Amino acid sequence: MVLGMQELEISIVIATFNAAKTLERCLQSIVPQLTDATELVIVDGGSEDETLSIIKKYEQYVAYTVSEPDKGIYDAWNKGVKVAHGEWIMFIGADDILLPNALTLYLTKLKKVSISCQLVSSKRTMYGLDGNPIYTVGAIWNWKNCINGMTISHPGALHRRTLFDEIGLFDLSYKICADYELLMRKGNRLESDFMDMVTVNMQVGGMSDSYAAIKEYYLILKNTVRFSWIKSIFRYWIMLTKYTVKHALKRVGINYHA
Numbered sequence: 001m002v003l004g005m006q007e008l009e010i011s012i013v014i015a016t017f018n019a020a021k022t023l024e025r026c027l028q029s030i031v032p033q034l035t036d037a038t039e040l041v042i043v044d045g046g047s048e049d050e051t052l053s054i055i056k057k058y059e060q061y062v063a064y065t066v067s068e069p070d071k072g073i074y075d076a077w078n079k080g081v082k083v084a085h086g087e088w089i090m091f092i093g094a095d096d097i098l099l100p101n102a103l104t105l106y107l108t109k110l111k112k113v114s115i116s117c118q119l120v121s122s123k124r125t126m127y128g129l130d131g132n133p134i135y136t137v138g139a140i141w142n143w144k145n146c147i148n149g150m151t152i153s154h155p156g157a158l159h160r161r162t163l164f165d166e167i168g169l170f171d172l173s174y175k176i177c178a179d180y181e182l183l184m185r186k187g188n189r190l191e192s193d194f195m196d197m198v199t200v201n202m203q204v205g206g207m208s209d210s211y212a213a214i215k216e217y218y219l220i221l222k223n224t225v226r227f228s229w230i231k232s233i234f235r236y237w238i239m240l241t242k243y244t245v246k247h248a249l250k251r252v253g254i255n256y257h258a
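In UniProt numbering, the protein residues as written are 1 to 258.
The hints are simulated quantities; they were obtained by calculation from the structure and are not laboratory data. This structure is a prediction, so every number in the text was calculated from the model and none was measured. Please note that the accuracy of each hint is not assured.
Below, simulated BS3-like cross-link-like pairs (lysine-lysine); rule was C-alpha separation at most 27 Å, straight line [what the hints assert, rightly or not]: (1) Lys123 with Lys111; (2) Lys71 with Lys186; (3) Lys175 with Lys79.
For each label pair, taking beta carbons as the anchor points, the in silico distance ranges come out as [said to hold, decoys possible]: (4) Ile230 with Gln28: 48 to 58 Å; (5) Val204 with Leu240: 29 to 39 Å; (6) Gly187 with Phe234: 50 to 60 Å.
All C-beta atoms in this analysis are idealised placements derived from N, C-alpha and C, irrespective of residue type, glycine included.
Take these sequences, add in the hints, and give me the full structure.
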């Protein structure tokens with residue numbers, strides 16, 4: 001697809017559901033960065049708060065939006081992939097902040113990546129409920145490292161459309177870690193690139209930091225990576241131990257990330 005004389009490079013997909021408290025702040029971080037090379041797609045799950053009013057307020061900047069019941073964030077993302085026109089697709093949470101110039105930096109980076117590259121990621125800073133930064137995370141995709149858990153920053157990362165064409169969409173049987181499963185599906189065959197800078201601010205919390213997420217991690221190792229039962233259980237217990245230690249320290253006021 002061509003907008004004016006410039007090819008559409010990046011589609012930004014936001015999934016929303018009763019996100020009125022944070023959505024406008026998210027959109028205010030994205031809208032000033034939009035160009036003819038980018039588009040914004042919003043897939044709403046049938047919100048009953050003021051989310052739709054906020055989307056209506058910004059409709060001139062939104063290439064496509066729909067509001068209908070869905071099966072969760074990954075179902076919404078799959079819908080977004082299907083309607084997006086960009087060669088690259090970015091997923092941003094309705095409570096995330098895209099830092100200034102992030103899209104410009106990504107567009108510049110895309111001019112340098114190889115034709116076989118299917119993932120370009122960066123870093124994100126995690127913030128506490130008090131608004132203070134806690135830690136920064138993000139590294140280039142490395143299959144062996146990611147076996148121990150997601151080491152890349154998925155929010156704000158760019159996925160080439162050919163990745164979805166090749167291996168399919170997000171697996172809806174995973175409610176928390178389908179983004180991790182998607183990348184592990186391609187595994188060590190996934191060619192990636194990296195920007196060593198923070199492009200997204202994200203608030204801590206959510207289901208990705210839970211026992212349920214660790215269980216899905218085990219299932220992904222077993223079913224997608226196809227580790228043996230023993231090897232999967234071993235890594236599950238490592239993750240569970242880290243989680244337990246992290247939350248024990250948090251209760252005494254120590255923020256720990258590993």
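Tested hints:
no.	hint	verdict
1	Lys123 with Lys111	holds (20 Å)
2	Lys71 with Lys186	holds (24 Å)
3	Lys175 with Lys79	holds (16 Å)
4	Ile230 with Gln28: 48 to 58 Å	holds (50 Å)
5	Val204 with Leu240: 29 to 39 Å	violated (19 Å)
6	Gly187 with Phe234: 50 to 60 Å	violated (19 Å)
Hint compliance for this structure: hints 5 and 6 are broken, all remaining hints hold.
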